[in-house]
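Enquirer: Now for the letters of each chain:
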Amino acid sequence: MDKKTFLYKEQQKLHPKFTPFAGWLMPVSYKGIIEEHNAVRQNVGLFDVSHMGEVFIWGDDSLAFLQKLFPQDISKLTKNKAMYCQLTNENGGIIDDLIVYKLEETKKEYLLIVNASRIDEDLNWMVRNSLGFDVKIINDSHNYSLLAIQGPKASDLVEKLGLKKENQPSYFSIKRGEIKGINILAARTGYTGEDGFEILVQNHYSAYLWDKILEEGEEFGILPIGLGARDTLRLEAALHLWGNDLDETVTPIEAGLAWSVAKDKAEDYNGKSVIMGQLNGTVPKMKKLVGFVMKDKIPARHGYEVYFEGEKIGTVTSGGPSPVLKKNIGLAYLEMKNATSLNTLEKTIGTNIQIMIRNKLYDAVIVKKPFVEKKTKKG
Amino acid sequence: MAQDIKIPEGILCSNTHEWVMEENDKCIIGLTDYAIEQLGDIVFVELPEIGSEFVKNEVFATIESVKAASEIYMPVGGKIVEVNEELINSPEIINEDPYEKGWLVKIETENLQDDLVGLLEYEDYKEEVS
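These protein sequence lines are chains A and B, in that order.
Residue 379 is where the first sequence ends in the numbering used here, and the numbering goes up by one at each step.
Residue 1130 is where the second sequence ends in the numbering used here, and the numbering goes up by one at each step.
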């Protein structure tokens, strides 16, 4: 039996299509994926992402503990700031990708917002790694709802809801605040490539807030957004999806996430020798994540094979239509060992490849990521 | 998705959501509005070659929505004599008008009366799927 978020009844009134996702029954679309997608790119959209997990880390050794878990340098994370991190295993493989927020409180020091499908794995891993650290790992996922307000008009809408622009958190920051009389945590983060907020609220206020956001958002052209458009939006922004583009067999370097790996972090962390080795060139990279655009009209999908000059060199991890570009786009791993004819994979942009779709090869070209320019505001 | 879809008289539907309609000595095949509603925005259509032959229940086309590719089955067997070329460049026509402009193929049938066995009238089909 799939779980339902506290917003299920509100959503039912809007008659979306529901789909099971990571153990939850979630709306996949309300008015149509493309219409919802365009609403977020042009105006503003409201997402229920309450299925995601909230894990608080507190205790005297919080920082030292998180330093062991992540390739990022958490000591550089100041109060109210956020950092995108990967939870890595001993081989540098990615157990989950998540955002770490440093909160103001002295006790609940850090908040981790993690993927719904990975909460249990993450907790097991964290508990196993907590031996010898004075920390408490608190899974508070069942107490919180998470609403994402995303799009160029998100800031105007949040102001109308009661959080003046000068009090809004800056990009990749988090702030306590009040909207419509309800205490919230507002983070300037998201998964769309647009400016926007993720609003953490206690479950019993979420339905009220959902209704108020849609009501006040009407003048901005707000639409409720399902998981379908959430996926097309994140793909255009080339944001990774754990389970598609990330898993325990790839490192942050192979996944193109070197920007989120600290170059000069003193502390050891899980997988550091592999990750730093790949960064410095002393450990070979087995894969490389690239973005591609189909030259043909046909969409490439997760799992399709990638060819270069007649040789299989990789696999599509995410793919589908881009409503903004009106082309089919995708992400794929090129396997270094198979890529003998691509003698160097360091410079792949512009390389023509083929995708095998229902036993036929179709042309595609490797392009720079993201596919659509991100409009998130630097803080 | 158009709200005021007119269901043509005399169509028969399969439980895999294709409709078939007799027109002179040919049959027209398409996808039901219920199927289209479930799929959402159609972004790509792969149609068979003219002259190719398929038996009842065989895959003859692929339709891709934003999220996924779906195989389309022959509600009755036959030879493809015409395909809806307009769908190649404007697959969204299927969303807008699944029973008229959004038809998929026209076929010449061989054992039509046998093949029609098991297909449902629209009202019965609608009752079964909803």
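FYI, nobody ran anything at the bench for these hints, they're computed from the structure.
Remember, it's a predicted structure, so these values are computed and weren't measured experimentally.
Ideal Cβ positions, reconstructed from N, Cα and C, are used throughout, including at glycine.
Each hint should be verified, as a subset may be incorrect.
[Stated by the list, open to error] Quick list of the computed label-pair ranges, beta carbon to beta carbon:
#1 91(A) <-> 1114(B): 58 to 64 Å
#2 1016(B) <-> 181(A): 29 to 35 Å
#3 1079(B) <-> 35(A): 37 to 43 Å
#4 1025(B) <-> 215(A): 54 to 60 Å
#5 17(A) <-> 1051(B): 50 to 56 Å
#6 337(A) <-> 1124(B): 55 to 61 Å
#7 128(A) <-> 1124(B): 56 to 62 Å
#8 1016(B) <-> 21(A): 21 to 27 Å
#9 21(A) <-> 1129(B): 39 to 45 Å
#10 1127(B) <-> 310(A): 49 to 55 Å
Enquirer: For each hint, tell me whether it holds in the structure or not.
Expert: Now for the hints, and whether the structure bears them out:
no.: 1; hint: 91(A) <-> 1114(B): 58 to 64 Å; result: 60 Å, holds
no.: 2; hint: 1016(B) <-> 181(A): 29 to 35 Å; result: 52 Å, violated
no.: 3; hint: 1079(B) <-> 35(A): 37 to 43 Å; result: 39 Å, holds
no.: 4; hint: 1025(B) <-> 215(A): 54 to 60 Å; result: 58 Å, holds
no.: 5; hint: 17(A) <-> 1051(B): 50 to 56 Å; result: 38 Å, violated
no.: 6; hint: 337(A) <-> 1124(B): 55 to 61 Å; result: 56 Å, holds
no.: 7; hint: 128(A) <-> 1124(B): 56 to 62 Å; result: 57 Å, holds
no.: 8; hint: 1016(B) <-> 21(A): 21 to 27 Å; result: 25 Å, holds
no.: 9; hint: 21(A) <-> 1129(B): 39 to 45 Å; result: 23 Å, violated
no.: 10; hint: 1127(B) <-> 310(A): 49 to 55 Å; result: 52 Å, holds
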